[in-house]
Amino acid sequence: MATTSTNPSTTSTAIPPLIMPLISPSALLQAHLSQTPPTRPSNRPPDQTRSVTLNIGSLTHCNGSSIVRYGESTIVCGIRAELLPVSEIPHYRASENARTISTTNFDTSRDNHGDDEKTYEAITLNNLLVPNLELSTNSHPSFPANVAPSTTAQSISQRVLSLLHTSRLVCVSDLEIRHTSTLTSDLDPDDPAYIEPEINVLKAYWVLYIDCVCLSYGGQGNLFDTTTCAVVAALRDVRLPKARWDEDERRVVCDAEMEKARRLKLRGKPTPLSFGVFVPDSRLNFAGAKVNGATKGGNSAQEEAVVLLDTDAFEDDVCEETGSVVVDLSGGSTRVLRIEKSGGTGALGVQGLKEVIVHSERRWKEWNSVLDAAVERNG
Amino acid sequence: MSSPKSKIQLHPLISSNGSALYTPPSASSTLLAGINYPLEVSYRSNEIPEDTYIEVSLRPNNAVGMVKERHIESLVKKVLQSVILGQETPRRMLQCTIQITDAEIDESLPGGVKGGGQGESYLETLASAINVAVLGCLDAGVQMRGIAGSVVVSISRDGKLKTWPGLKQRKEARSLHVFVYGREGQNLLFESEGDFEVEEWDAAESAARTVVVGKVQDGEDVVMEEDQETLFASIRQAVEERVERDGRQKG
Numbered sequence: 001m002a003t004t005s006t007n008p009s010t011t012s013t014a015i016p017p018l019i020m021p022l023i024s025p026s027a028l029l030q031a032h033l034s035q036t037p038p039t040r041p042s043n044r045p046p047d048q049t050r051s052v053t054l055n056i057g058s059l060t061h062c063n064g065s066s067i068v069r070y071g072e073s074t075i076v077c078g079i080r081a082e083l084l085p086v087s088e089i090p091h092y093r094a095s096e097n098a099r100t101i102s103t104t105n106f107d108t109s110r111d112n113h114g115d116d117e118k119t120y121e122a123i124t125l126n127n128l129l130v131p132n133l134e135l136s137t138n139s140h141p142s143f144p145a146n147v148a149p150s151t152t153a154q155s156i157s158q159r160v161l162s163l164l165h166t167s168r169l170v171c172v173s174d175l176e177i178r179h180t181s182t183l184t185s186d187l188d189p190d191d192p193a194y195i196e197p198e199i200n201v202l203k204a205y206w207v208l209y210i211d212c213v214c215l216s217y218g219g220q221g222n223l224f225d226t227t228t229c230a231v232v233a234a235l236r237d238v239r240l241p242k243a244r245w246d247e248d249e250r251r252v253v254c255d256a257e258m259e260k261a262r263r264l265k266l267r268g269k270p271t272p273l274s275f276g277v278f279v280p281d282s283r284l285n286f287a288g289a290k291v292n293g294a295t296k297g298g299n300s301a302q303e304e305a306v307v308l309l310d311t312d313a314f315e316d317d318v319c320e321e322t323g324s325v326v327v328d329l330s331g332g333s334t335r336v337l338r339i340e341k342s343g344g345t346g347a348l349g350v351q352g353l354k355e356v357i358v359h360s361e362r363r364w365k366e367w368n369s370v371l372d373a374a375v376e377r378n379g
Numbered sequence: 380m381s382s383p384k385s386k387i388q389l390h391p392l393i394s395s396n397g398s399a400l401y402t403p404p405s406a407s408s409t410l411l412a413g414i415n416y417p418l419e420v421s422y423r424s425n426e427i428p429e430d431t432y433i434e435v436s437l438r439p440n441n442a443v444g445m446v447k448e449r450h451i452e453s454l455v456k457k458v459l460q461s462v463i464l465g466q467e468t469p470r471r472m473l474q475c476t477i478q479i480t481d482a483e484i485d486e487s488l489p490g491g492v493k494g495g496g497q498g499e500s501y502l503e504t505l506a507s508a509i510n511v512a513v514l515g516c517l518d519a520g521v522q523m524r525g526i527a528g529s530v531v532v533s534i535s536r537d538g539k540l541k542t543w544p545g546l547k548q549r550k551e552a553r554s555l556h557v558f559v560y561g562r563e564g565q566n567l568l569f570e571s572e573g574d575f576e577v578e579e580w581d582a583a584e585s586a587a588r589t590v591v592v593g594k595v596q597d598g599e600d601v602v603m604e605e606d607q608e609t610l611f612a613s614i615r616q617a618v619e620e621r622v623e624r625d626g627r628q629k630g
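From first to last, the protein sequence lines stand for chains C and B. Following the working numbering, the numbering of the first sequence begins with 1 at its first residue and continues without gaps. Following the working numbering, the numbering of the second sequence begins with 380 at its first residue and continues without gaps.
Calculated from the structure, these hints are not laboratory results. Hints may contain errors.
As the list claims (entries may be wrong) - Pairwise CB distance ranges (calculated):
(1) B:Ser535 x C:Glu259: 41 to 47 angstroms
(2) B:Lys539 x C:Leu215: 42 to 48 angstroms
(3) B:Gln616 x C:Gln35: 28 to 34 angstroms
(4) B:Ser421 x C:Ala261: 40 to 46 angstroms
(5) B:Val622 x C:Pro17: 19 to 25 angstroms
(6) B:Ser585 x C:Glu121: 52 to 58 angstroms
(7) C:Gln351 x B:Lys550: 49 to 55 angstroms
(8) B:Glu429 x C:Ala261: 43 to 49 angstroms
(9) C:Leu83 x B:Thr480: 48 to 54 angstroms
(10) B:Ser421 x C:Glu134: 48 to 54 angstroms
(11) C:Gln35 x B:Arg624: 36 to 42 angstroms
(12) C:Glu121 x B:Ala442: 16 to 22 angstroms
(13) C:Gln351 x B:Gln548: 54 to 60 angstroms
(14) C:Arg362 x B:Ser394: 38 to 44 angstroms
What the hints assert, rightly or not - SDA-like mimics (lysine to any residue), calculated; alpha carbons at most 25 angstroms apart, straight line:
(15) C:Lys265 x C:Asp281
(16) B:Lys386 x B:Glu467
(17) C:Lys354 x B:Arg627
(18) B:Lys550 x C:Lys365
(19) B:Lys384 x B:Val577
(20) B:Lys541 x C:Tyr120
(21) B:Lys550 x C:Gly331
(22) B:Lys456 x C:Pro25
(23) C:Lys265 x C:Arg250
(24) B:Lys550 x B:Ser487
(25) B:Lys550 x B:Gly444
(26) B:Lys456 x B:Glu499
(27) B:Lys547 x C:Asn126
(28) C:Lys365 x B:Val577
(29) B:Lys547 x C:Gly331
(30) B:Lys539 x C:His179
(31) C:Lys269 x B:Ser487
(32) B:Lys386 x B:Val577
(33) C:Lys354 x B:Lys386
(34) B:Lys386 x B:Arg621
(35) B:Lys456 x C:Cys171
(36) C:Lys242 x C:His179
(37) B:Lys456 x C:Leu135
(38) B:Lys456 x C:Thr152
(39) B:Lys456 x B:Arg627
(40) C:Lys269 x B:Asp625
Predicted model only: the values in this text are computed from it and were never measured. Backbone N, C-alpha and C define an ideal beta-carbon position, used for all residues, glycine too.
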């Protein structure tokens, strides 16, 4: 220790670059962005996103699983399916579910709003999709051990749940276990009042418990992207065993053969993209701050705002105004499934957000080629 | 516009520093906010050296707050951070408690289920909670940059826009949107869910702006007219009534 204290470099007043983000994060980011061309501390231009690594089907005890690494965040997602017999649902209305139509010719395109539209409510009402995110203490130093889930974890769980429901990604017909029983009728078959004695009755639902564990935390925005991608990838991997209702045992019996298991038919391919809006501190007035994402009738602060796509943990802390968009291009045109933006002084207006949506189309193509490749690899 | 207005009542509670009662035009819920400010920060680790710590707690009408409420609270907190001059009271806390006192019950659900489950959309509650929190802060005399106003817009299957949709319209909508505007009409918050196109979202934004801020003329300037029934005008009227009432009590 004595040798380091006499070292001239430590006694000088120069600030090591490593602690610069701690002293004045805003000034550091602004200095980076006022270069030509504007470059972020991570050596990316403001509109460049990071690459993704994906592995699916790695967990053997789950019905479906995925591991996604996006930037600095890593999420492991495992989906377990459990049976929910309708006899255990309080206030269950049997009459509405006794229908005889088959759902074999199901169209997975987003524009299909047929019969499934009305029955989708079964998923929200019975909580058939249960996503949860766990931010473990070893993913980031700021998460203490043995405490209740943080607001960050709860918020992201809720946002993922909302997205699953409002994008109606999973179809009700995939989660239903039906049984065709023969009714004993007192009427004569020649009687005009005689109806078809076969009735298709709903006996149970599959409940999908979607558990995500964060191995590495890279900022809130990035974490939402990673979690959403992990959940979508794991849902693509889900295989539900062939299940049937056993009339004699009066319970659902599953087939052990995995060859007979079926995959879920997912509606569309939602892809998230998070962003931050950096507004330079008015106390630091650098010349030549890049004009980007300016809104109509904006003041000087709004004109200097820079939209940073796919923010990392450092940028996430500096940007007060953050948000994310979820888009789906699988139907040919750009459909927006979710828009979120909050905080800051409202520097990003409608026009700025539209530009983010345009960028998110590129992210959609990138992510879905990675996802399709992973699905193909896995068979 | 001939649509019903928001019902606002300021200072319904006696013991809190500021309070407000708010019913949105859809009349599907009533929210009560109590604001206490400035307070000591209860946990030293939450103290912010140059800003005010904001604590928001939201209580539903029929249950305890869960994951969904935590998310709404964090969004309300972000809007309050945008409008409040926190540096005026550093190391202090603003406590905002919102209670949903009345909510529309979905009769189509099976008996015993009153809705409000985790899967149900939180956007209507979010918009009302933001409005009632801002009104409560106004009543408590919190130093603010300006007010903020929020509105829900739904887009139905046939592309019709409706501001402040009722419960049935929300359920049948293809997409739901919440927009929050600041004093100068800046977009403080976007929150949209469902399935929609960028053009539809843009149209919903203009409709929301008309309801909250007022009609936009020449694409730039916001015209504030006395007879416009905007949310900002309603807030102004509520504050005027409150000042008048106070004057009468003193005199």
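Next item on the list: Could you say whether the range 48 to 54 angstroms given as a hint is met by the Cβ separation of C:Leu83 and B:Thr480?
Entry: 39 angstroms, violated
Check: Between C:Glu121 and B:Ala442, is the Cβ distance one that fits in 16 to 22 angstroms?
Finding: 20 angstroms, holds
Check: Can the restraint linking B:Lys550 and B:Gly444 be considered satisfied, given a maximum Cα separation of 25 angstroms?
Finding: This hinted pair holds, its Cα atoms lying about 22 angstroms apart.
Note to self: For a C-alpha distance cap of 25 angstroms, please report whether C:Lys269 and B:Ser487 respect it.
What the structure shows: 31 angstroms, violated
Notebook entry, point to check: CA of B:Lys386 to CA of B:Glu467, is that 25 angstroms or under?
Noted result: Violated: B:Lys386 and B:Glu467 sit about 31 angstroms apart, past 25 angstroms.
Item checked: 48 to 54 angstroms as the expected CB spacing between C:Glu134 and B:Ser421, which holds or is violated -> 26 angstroms, violated
Item checked: Agreement of B:Lys539 and C:His179 with the hint, judged by alpha carbon distance not exceeding 25 angstroms -> Roughly 40 angstroms between the alpha carbons, so the hint for B:Lys539 and C:His179 is violated.
Note to self: What's the verdict on B:Lys386 and B:Val577, does the C-alpha distance respect the 25 angstroms limit or exceed it?
What the structure shows: Distance ~32 angstroms between B:Lys386 and B:Val577 Cα, so the pair is violated.
Checklist line | 25 angstroms Cα cutoff - pair B:Lys456, B:Glu499 | finding: 21 angstroms, holds
Note to self: Check the hint pairing B:Lys456 with C:Leu135 against an upper bound of 25 angstroms on the C-alpha distance.
What the structure shows: This hinted pair holds, its Cα atoms lying about 22 angstroms apart.
Checklist line | Satisfaction of hint between C:Arg250 and C:Lys265, Cα-Cα up to 25 angstroms | finding: Roughly 28 angstroms separates the two Cα atoms, so the pair is violated.
Check: Taken at face value, is the distance from the CA of C:Lys365 to the CA of B:Lys550 at most 25 angstroms?
Finding: At roughly 32 angstroms apart (the allowed maximum being 25 angstroms), C:Lys365 and B:Lys550 break the hint.
Checked against the numbered hints listed earlier, the structure breaks hints 3, 4, 5, 6, 7, 8, 9, 10, 11, 13, 14, 15, 16, 17, 18, 19, 23, 29, 30, 31, 32, 33, 35, 39 and 40; every other hint is satisfied.
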